[in-house]
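Engineer: Chains as they are written, first to last, in the working numbering: chain A, 1 to 177; chain B, 178 to 279.
Honestly, I wouldn't trust all of these hints.
Claimed, not checked - Partial list, derived from the structure: chain A residues whose beta carbon lies under 10 Å from chain B:
(1) C25
(2) A116
(3) P155
Claimed, not checked - Facing chain B, from chain A, some residues (calculated, C-beta under 10 Å):
(4) A20
(5) V27
(6) F93
(7) P98
(8) V103
Source of the hints: derived by calculation from the structure; they are not laboratory data. C-beta: ideal position from N, C-alpha, C; glycine also.
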Amino acid sequence: MEFLTAHGQAILFYLFAAVAVVAACFVVTMRNPMYGAIALLVTFLSLAALFLLRHAEFLAFVQVFVYGGGIMVLFLFVIMLVNVDRLKESRVFVPNAPLAVVVGLLLLGLLAVVFAGMAFVPADAAPPAFVDVEGTAMGNSEAIAWSLYREYLLPFEIVSVFLLVAMIGAVVLGREQ
Amino acid sequence: MLEIGTQHYLVLSAVLFAVGVTGILVRRNMITVLMSIELVFNAANLNLIAFSFQHGNLTGQIFAIFSIAVAAGEAAVGLGILLALFRLRSTTQLDSAQELQG
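Put together the whole structure using the sequences plus the hints.
Structural biologist: Structure, rendered in structure tokens:
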């Protein structure tokens, strides 16, 4: 029990990291896209837990709502729409898949060596304290709201226009000819 | 080993990124390719949040919000293209669309 409380962060990190990586491998290898989508959902949710461990509480919930909710429903809807049972694919992978796996492993090795070799000053274990203009302390969501609507107002508006464009594009692409 | 630092998150993100890139390269089914792209987006978001915590400011989290918005738009348009391809070819296999000899 003492071990658990002392190393709770590490245990949770390794647990959710292992779940995320295994589920990601299932996404790539599953023959049926429906199982792949469920594995993708598991990855999204364990990443949300990892965001919580890094004190990004607002983003953890955005991850659950937007990825686990919106994008996942979009995927499941399309998978059901194209009726996977009818698509009996003889080959799941492209002909030169082994080469692609080697490329992926090389990429992983390169990134992992670079990242693992980086030395960081240990960050504070406590979440950074944010204060508003009057000096009152505020939580993560409130701090993000302040930052988003003051410093990043223009990018925020541009993103809303981008989402409108994406929505129109999806409607145009998806309608019957 | 039991002290979780920023580089643990970076290595995890590298693993997810490599799995996603491998999925994009090896699969013939466009649905799975789009799901692998989502994995890559998530790996990038994890990096942003790890660095946001490391530096103790919010810029990384704000950027991750924008990245999530772009990912949502990308998923909508990508699945729209998938439906157009399916209507045209009655399949979601990517190598059925080879007019440009890609």
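Engineer: Run through the hints listed earlier and report the numbers of any the structure violates, in increasing order.
Structural biologist: Of the numbered hints given earlier, the structure breaks none, since each of them holds.
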